[in-house]
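K.L.:
For reference, the chains in residue letters:
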Amino acid sequence: MLEKTGIATEQDLAGIMPPKERLAQGPVAVIECFQRIPCNPCYTACKRGAIQEFEDINDRPVIDVDKCNGCGICISNCPGLSIFVIDETYSDTEALVKIPYEFLPLPEEGTFITALDREGKAVCRAKVHKVLNSKAQDKTPVVSLIVPKEFSMVVRCFSIDDFYSDNTIICRCEEITLGQVRELIRKGYRSLDEIKRISRAGMGPCQGRTCRQLIMQEIAAATGVKMGEQRMSTFRPPAKPIKLGALLGGDDHE
Amino acid sequence: MKKTEIVVVGGGPAGLSAAINAASLGAKVTVFDRNSQLGGQLVKQTHMFFGSQKQYASIRGVDIADILTNELMKYKDNIEIHTDSTVIGMYEDGMLTVEQDGKYMKIKPQSVIVTTGASEKFLTFPNNDLPGIYGAGAVQTLMNVYGVAPGDSVLMIGAGNIGLIVSYQLMQAGIKVKAIIDAAPKIGGYLVHASKIRRMGVPIMTSYTVKYAHGTEKLEKVTIWRLDEKWQPMPGTELDIEADVMCISVGLSPLAELLWQIGCDMKFVPELGGHVPVRNEELETSMKGIYVAGDVAGVEEASAAMVEGRLAGLCAAKNLGYTSDQFDALKADYLDQLNALRSGPVGEKIRKGLDQLVG
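So the protein sequences, as listed, match chains A and B.
In the numbering used here, each number is its position in the first sequence, counted from 1, plus 1.
In the numbering used here, each number is its position in the second sequence, counted from 1, plus 151.
Honestly, I wouldn't trust all of these hints.
No farther apart than 27 Å at their CA atoms in a straight line, the calculated lysine-lysine pairs in the DSSO-like style are these [said to hold, decoys possible]:
1. 327/B with 140/A
2. 329/B with 140/A
3. 5/A with 329/B
4. 327/B with 122/A
5. 372/B with 122/A
6. 337/B with 122/A
7. 205/B with 140/A
8. 128/A with 327/B
9. 136/A with 150/A
10. 5/A with 381/B
11. 21/A with 131/A
Chain A is nowhere near these chain B residues, computed Cβ spacing over 10 Å in every case [what the hints assert, rightly or not]:
12. 279
13. 288
14. 345
One-sided excerpt, in silico: chain B residues whose CB lies under 10 Å from chain A [said to hold, decoys possible]:
15. 201
16. 204
17. 337
I should point out that these hints are in silico values taken from the structure, not numbers from a laboratory.
Glycine included, C-beta positions come from ideal geometry on N, C-alpha and C.
Using the sequences plus the hints, can you model the full thing?
P.N.:
Set out below in structure tokens:
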């Protein structure tokens, strides 16, 4: 129940869902504002008059789906971040969901993120189509995601981590995941050695034979610095872990 | 001793609005604020405000502080601003005493607009003095004024608007919010705020309160438990949440010491946060020439504080002979705006509170 958990219910949503025929025609705004509060910027922001005039500032927004062309100006104007634009005509199987997102780092266009539902649960992997962050958005960027059509009314947020990141081991010896490596790159660790020293990736039994290339690939993907141009890490003997006893030349002494 | 026509105590949303209106009508206004920067709590508010265009809806609080300060500077001939200055006394003969940089100062105005805001309420539970347990205001100051993260993982107590907004700001700062708990059975803040946090994966747990804080040097873990319909804790429902920060956001109460000092009629109105001054429609208290606006007059949203400030500034100036032919229209407009902001279901508590105050 929305009032206890913050999660809109099927019933709440049934009242605001645009008709199927309208969704088939192109982008349209969906306003998930279920409580009467004193607030009307969506009405003042819409230049097409698609949001009905408020008689009382506490009125809930009512949208005329035939006047709405899905331009999305209202998205960044909603102080409650409760407006989304859905475009089910993006492709035969995919829809666009436009989401207000006030977090850094912003995702990059063309990358994959993990799409979340209204509870923050992972729903699917989604590609970032566009990131609008101009003066018009005034620090409330709008991110459009390409999601499978059946999730157009489910996906309402995302985590910048790729869906598979946290399940994907990059360094088996030290159990470092792809998600951790990406997080370090985002934090500014931009070379193999930096990542090795902060995370221990590459310091285990295999000495980086699995992870070295993979980490360099990730650095290349995030920074654009090609693998050949990246600084290789420092190699020192021994090339594989050995027992101290081996260095002492003996094998019987404990 | 200095003299002025109107002293505004506090340069937050209400005080700035009051000073703008009074100065624009020609009154000589002196503003005192204890902080080094004007704007009060606005400077910590990175979210867009609700309300309508007249109350700067859709603009971020921190930007509204700039808008109001710039508007005030248009009347700089009538305005004197003292920052880092705390009004520490109000006396029956109308004298105000001020502490500024360790110096003591006296000023005698003809009228005072008290816009001192509110202070935070606290909670009682064992170990509530452990380092890492903060009020939400302190967390906002650390984070948004000084750029300091209060810790790594936070348990937020209180799902009112401040608890929800501060949780969101913590997440924007890259800090993990473990959960938001609230003793009430329902989320007190705007549901759109709740939804935007929930969809980032943060659980909001209503009917829960703090049982015990654990830690030796600093907070390490919090035990929470469920409350039944009578708000009584239910043994056996305990849950442990690991966190190095607990942020307490369980409401505000009006900061009304100055009004008590000078002898204003005060009334305890829980709906408005505690003891509030009795006042008339023009926001004048039982003491002639002493006006109030904003949270000190009853805790509500900053949008209402700004409108109240405008109204108090307009009326205080008029009583000193500074008026315009727009007076009636402006006053009616401010009252309309306040009514509109308070008219809906979320304003019900405020309306109930104000009904007890008609003075």
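K.L.:
Run the structure past the numbered hints and jot down the numbers of the failing ones, going up.
P.N.:
9 and 14
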